[in-house]
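Residue-level listing of the chains:
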Amino acid sequence: MDKNRIAGAYLQGEEFEKAANAAEDFQREHPNHPLRFRSILIQGKSIIKIGHTREGRKVLLNLAKETPDLRIRNEALMVVGRSLVDEGRFKEADEIFSRIDKESSLYKKAAKARRYLAGAEEIPLKSPELAGLLGAILPGAGHLYAERRGSAVFAFMFTGAFATATMEAFSNEHNELGCGLAAITGLIYAGNIFSAVNVAHNHNLKQTKAFKERIMDTTRVGMWVGGDGTFMLSLGWCF
Amino acid sequence: MIGAVLLIATPAFAGGIKGPWELDKKRNIVNENHETAPGSYITLPLIRFFQKYISPVDGERCPCFPTCSSYSLQAYRKHGFFIGTLMTVDRLFHEADIEKHAPLRKVGDRDRFIDPLENNDFWFADH
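So the protein lines, in turn, are chains A and B.
If you want my numbering, it's the position in the first sequence, counting the first as 1, plus 381.
If you want my numbering, it's the position in the second sequence, counting the first as 1, plus 349.
Worth flagging that the hints you see were computed from the coordinates, not collected in a lab.
Just so it is clear, CB atoms sit at the ideal spot from N, CA and C, and this is done for glycine as well.
Mixed in with the good hints there might be a few duds.
To be verified - Pairs of lysine-lysine residues, derived as DSS-like cross-links and limited to a Cα-Cα distance of at most 27 Å, are as follows: (1) K399(A) with K439(A); (2) K401(B) with K587(A); (3) K593(A) with K449(B); (4) K590(A) with K455(B); (5) K430(A) with K384(A).
Claimed, not checked - Heads up, incomplete: computed chain A residues facing chain B, CB under 8 Å, no partners named: (6) S479; (7) L525; (8) R529; (9) R530; (10) G531; (11) F535; (12) A536; (13) L568; (14) A571; (15) G572; (16) F575; (17) S576; (18) V580; (19) H582.
Based on the sequences and whatever the hints tell you, model everything.
Encoded structure:
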């Protein structure tokens, strides 16, 4: 009994390994205790927080199947759904959220998350391949496509200046200088294509992160419900 | 030309300071023990020369952290000559509008836009 409370306290204090170990100890010492399911929930959450997301989700999905307690079941599903959202697996997350009971207090949050998830395909992503191609055709065009106007102007002018200098060197028969400048221009041109691809990737990362954060905020479970009928409120503050 | 040389050289003999290159102690120079990727041995001394002798005279102009020269040094060490050069060019290009795309944090005594190497090689580098 105490070990289960200790595990919960560790989880609240973000000592996830200790929480998982304490919960496991509790299950071993009290295999038939009614708080066993609560303990498995703590264990599953902790395993996910440690970073072993697949194992944690497996524990929680088994728990959702086995437990007769609907609150625990729904909370486990919510945690699994959030973990899938965090990994960008939006369709699977939507399926998990759809399994949360209508009677549950978490249902509204899950329904809201599902509404957001329905728009996952509308996230304004940019194609890195297209950005690279545009950058190859006209230096700066790839940046412009990825909504980086300042970089686009700079890329165009910088590459253009070196290309002009190279042509001038050759037209004035400074062939050695021209060759040197041509090599530098080639690297800058290749860098411009790389940069266009990179800014498109960064744009996508930023957009996906914002989308995920909106769902994560919606599905946050702020209150930890004690399995023995007691409520445990957690207070958090930032400074 | 002579005037420019004197202008740069004069502070080097003033007030017991050997030269502005002594200021590099304050700067962000990446860990010397980092493993160096092959093919970057030509460029690394050039960047170090820039950091030690040119940048202190030119002043702290880079708004990013790590500074462009440190970033370039890291890129050459991690990815070698070719990718290192591409990443350096990329940094110089996307620095132009970095203020809209990177978080501003206090680094040392001034605010800088945080743009580490990992933010730009996450999509192809093996971590």
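* To do: Just pull the numbers of the violated hints for me, sorted ascending.
  => 2, 6, 7
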